[in-house]
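Given these sequences and hints, build the entire structure.
Spelled out from the first residue to the last, the chains are:
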Amino acid sequence: MLFFLFIQGVEPFVRPTSDSIRIVVQNIDSVTINGVTWENQTRFIPVYKDTQELIISFKNRGTDITLPIQIVPDNDDPEHAIVFPTEYASAVSYPEAYTHTITFPGMVTGLEQTITILQAEPPYPFTAFLSGLEWRPTHLKLYGILTMILATIVSTIGAVLIGVPLALLSAVLIAEFLPKRLGGIIRSAIDLLAGIPSVVYGFFGLMMVVPLVQRLFNSASGSSLFAAIFILAIMVLPTIIAITMTSLQAVPSMYREASLAVGASKMQTAWHVVFPAARSGILAGIILGVSRAIGETMAVILVAGNSPQIPRALSDSVRTLTATIALEMGYAQGRHSQILFSIGIVLFVMILTLNTIILRLKKHLSEAA
Amino acid sequence: MKQKTKDGILYGIMILATGIILATLLWILFYIVSNGIGSINFAFIFSPGNEKGIFAMIVTTAWLVAVSLAIALPVGIITALFLNEYSKNTRPVRFLRLAIETLAGIPSILYGLFGLLFFSRIMGLGQSILSGALTLSIMILPVIIRTTEESLKAIPVSFREGSLALGATKWQTIYHVIIPASLPGILTASILAVGRVVGEAAPVLLTVGIAKNLPSSIFQSGRTLTIHLYYLTKEAIHQDDFQIAFATATILVIFVILVNASTRFIASRFTAKLEQ
Numbered sequence: 000m001l002f003f004l005f006i007q008g009v010e011p012f013v014r015p016t017s018d019s020i021r022i023v024v025q026n027i028d029s030v031t032i033n034g035v036t037w038e039n040q041t042r043f044i045p046v047y048k049d050t051q052e053l054i055i056s057f058k059n060r061g062t063d064i065t066l067p068i069q070i071v072p073d074n075d076d077p078e079h080a081i082v083f084p085t086e087y088a089s090a091v092s093y094p095e096a097y098t099h100t101i102t103f104p105g106m107v108t109g110l111e112q113t114i115t116i117l118q119a120e121p122p123y124p125f126t127a128f129l130s131g132l133e134w135r136p137t138h139l140k141l142y143g144i145l146t147m148i149l150a151t152i153v154s155t156i157g158a159v160l161i162g163v164p165l166a167l168l169s170a171v172l173i174a175e176f177l178p179k180r181l182g183g184i185i186r187s188a189i190d191l192l193a194g195i196p197s198v199v200y201g202f203f204g205l206m207m208v209v210p211l212v213q214r215l216f217n218s219a220s221g222s223s224l225f226a227a228i229f230i231l232a233i234m235v236l237p238t239i240i241a242i243t244m245t246s247l248q249a250v251p252s253m254y255r256e257a258s259l260a261v262g263a264s265k266m267q268t269a270w271h272v273v274f275p276a277a278r279s280g281i282l283a284g285i286i287l288g289v290s291r292a293i294g295e296t297m298a299v300i301l302v303a304g305n306s307p308q309i310p311r312a313l314s315d316s317v318r319t320l321t322a323t324i325a326l327e328m329g330y331a332q333g334r335h336s337q338i339l340f341s342i343g344i345v346l347f348v349m350i351l352t353l354n355t356i357i358l359r360l361k362k363h364l365s366e367a368a
Numbered sequence: 000m001k002q003k004t005k006d007g008i009l010y011g012i013m014i015l016a017t018g019i020i021l022a023t024l025l026w027i028l029f030y031i032v033s034n035g036i037g038s039i040n041f042a043f044i045f046s047p048g049n050e051k052g053i054f055a056m057i058v059t060t061a062w063l064v065a066v067s068l069a070i071a072l073p074v075g076i077i078t079a080l081f082l083n084e085y086s087k088n089t090r091p092v093r094f095l096r097l098a099i100e101t102l103a104g105i106p107s108i109l110y111g112l113f114g115l116l117f118f119s120r121i122m123g124l125g126q127s128i129l130s131g132a133l134t135l136s137i138m139i140l141p142v143i144i145r146t147t148e149e150s151l152k153a154i155p156v157s158f159r160e161g162s163l164a165l166g167a168t169k170w171q172t173i174y175h176v177i178i179p180a181s182l183p184g185i186l187t188a189s190i191l192a193v194g195r196v197v198g199e200a201a202p203v204l205l206t207v208g209i210a211k212n213l214p215s216s217i218f219q220s221g222r223t224l225t226i227h228l229y230y231l232t233k234e235a236i237h238q239d240d241f242q243i244a245f246a247t248a249t250i251l252v253i254f255v256i257l258v259n260a261s262t263r264f265i266a267s268r269f270t271a272k273l274e275q
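Those protein sequence lines, which keep their order, are chains B and E.
Going by numbering that gives the first Met the number 0, the first sequence opens with residue 0, and the numbers climb by one from there.
Going by numbering that gives the first Met the number 0, the second sequence opens with residue 0, and the numbers climb by one from there.
Just so you know, the hints here were simulated from the structure itself, not pulled from any lab data.
All the pointers check out, no bait thrown in.
As a list, the in silico EDC-like pairs of lysine to aspartate or glutamate whose alpha-carbon atoms are at most 16 Å apart:
1) B:Lys362 - E:Glu100
2) E:Lys211 - E:Glu50
3) B:Lys361 - E:Glu100
4) E:Lys211 - E:Asp240
5) E:Lys51 - E:Asp240
6) B:Lys140 - B:Glu120
7) B:Lys58 - B:Glu38
8) B:Lys48 - B:Asp18
9) B:Lys140 - B:Glu78
10) E:Lys233 - B:Glu327
11) B:Lys265 - E:Asp6
12) E:Lys51 - E:Asp239
Treat the numbers as computed from the prediction; the structure is a model and nothing was measured.
Okay, here's the thing in structure tokens:
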């Protein structure tokens with residue numbers, strides 16, 4: 000599984016998008032490029048790797064047109080790497096990075112003839128990927144994901160700050176104080192919280208939390224970092240509570256008995272004896288909650304607003320790593336699609352790191368016992 | 000006395016925290032169900048011709064559940080049997096356990112990426128129910144293995160010893176004693192897996208797609224209930240859309256409640272039976 004993700008995700012950083020320049024023509028039946036004629040070609044027309052001059056000729060409204068185009072190799076600025084004849088300068092546009100389009104009027108409007116020259120994009124620098132602030136995948140071909148990494152981290156931290164105290168307090172109450180029957184009922188209610196689909200959380204967030212934020216922060220849309228934190232905080236609760244309860248229950252009862260025997264109150268016993276004894280397990284539960292918050296996708300998409308910008312305020316619209324994958328996979332092509340896989344790898348590395356910490360804690364736990 | 004007040008305050012805070020959590024749960028459930036229940040009727044759920052109905056989404060979801068369980072259940076149960084009945088604590092077995100645990104912690108969107116790449120693109124299944132089911136079957140494997148293994152562990156050793164003492168072979172013991180005794184556990188595992196498949200959205204979006212029509216085979220794209228809710232929520236303009244969204248969310252919530260109740264019921268019956 001990892002292997003396949005890696006094949007896709009690493010490619011943008013090690014290989015250019017193609018070996019050479021590629022050409023696409025539209026509404027041109029027959030085009031001759033450097034002596035080779037292509038009839039009704041709708042796909043990419045490849046060009047030899049080290050070609051320095053392109054002679055393109057075709058018929059436009061009955062007249063023959065010949066375009067001599069210079070290719071300036073090793074130019075750092077892709078916009079000036081391709082030089083068109085000066086008399087056609089007004090027909091040339093640069094709609095996307097690495098893409099030149101030259102347009103000629105057709106017989107009727109809508110049937111304009113276009114020749115698009117696509118340059119090969121060089122391997123994308125990995126540091127620019129991780130530390131770039133601009134995410135403009137289609138037009139500028141800029142793939143910086145720092146804003147999303149920050150959004151993921153900040154929303155996760157927020158969710159943990161709200162969720163963990165709530166979860167720990169109630170887990171200790173249920174495990175140490177409540178009668179078994181009542182505790183069981185509350186526990187099953189919390190399990191229900193774990194079973195609710197994330198889309199339903201997102202829907203609830205959009206209908207309830209987002210308008211609340213709108214009023215609270217007086218912001219335009221309400222889809223915000225705060226809404227994401229709010230929903231994530233609810234979503235991490237069941238995980239943390241379940242694991243905390245299990246590790247509290249695993250603490251041998253002689254700990255409690257010894258503590259009570261020396262005169263400590265039940266409350267002191269719970270927080271000063273049982274809780275510390277279970278801390279490795281509790282920490283593991285919190286980390287598991289963190290990975291749930293990092294990996295959550297659909298609920299966050301619906302409430303966070305999804306603008307790739309640095310989160311500066313709670314009312315800012317933010318976009319997480321997972322949201323980017325789910326939102327753009329539907330239409331992403333070429334390198335853009337591969338970069339989404341790279342984002343997947345970044346996520347994977349984050350989760351794997353957390354898993355390793357959990358494993359260490361478990362080892363520590365079994366050694367202590 | 001001072002300690003008692005301190006304890007009392009802390010106790011109050013703990014009750015408050017638990018109260019907040021329970022209130023949030025009730026708030027969510029009540030808000031969704033009270034707004035959605037009114038729009039649910041027979042035609043909404045079952046009529047294929049109903050423009051606003053969700054029949055096609057229910058069929059897609061059902062297909063997805065059936066196919067992914069058909070793949071994951073046998074594999075999961077056999078793995079659990081192997082881990083619990085045959086394996087010793089050797090290096091490859093430890094690695095297998097580590098792999099299962101890691102698999103359980105991976106965010107679902109990554110399963111989606113993998114499924115899209117491997118099943119949809121490399122295997123050429125495209126965006127289809129089959130591709131989604133294959134993806135989800137990997138995702139639910141850890142749940143099935145873990146739950147089945149737990150129920151296997153709960154079977155007393157005396158069952159195995161009794162069977163072996165009567166001259167049954169190991170395989171006969173597994174087939175005639177262990178599997179019947181662990182059936183409730185396997186059932187619980189399947190129900191949990193169903194709940195997970197029905198509730199999952201991100202990998203489904205990537206591998207099954209969003210086609211709204213009634214799928215005629217598992218090689219076609221389709222739209223599950225969760226994806227339907229996602230799109231309705233994202234693109235709702237009319238009041239009607241919100242009504243459908245509420246109704247769909249209500250159906251999902253009711254389903255989750257049913258799943259939880261049935262696993263609890265089976266679990267309590269199971270423990271009662273073993274204690275006898």
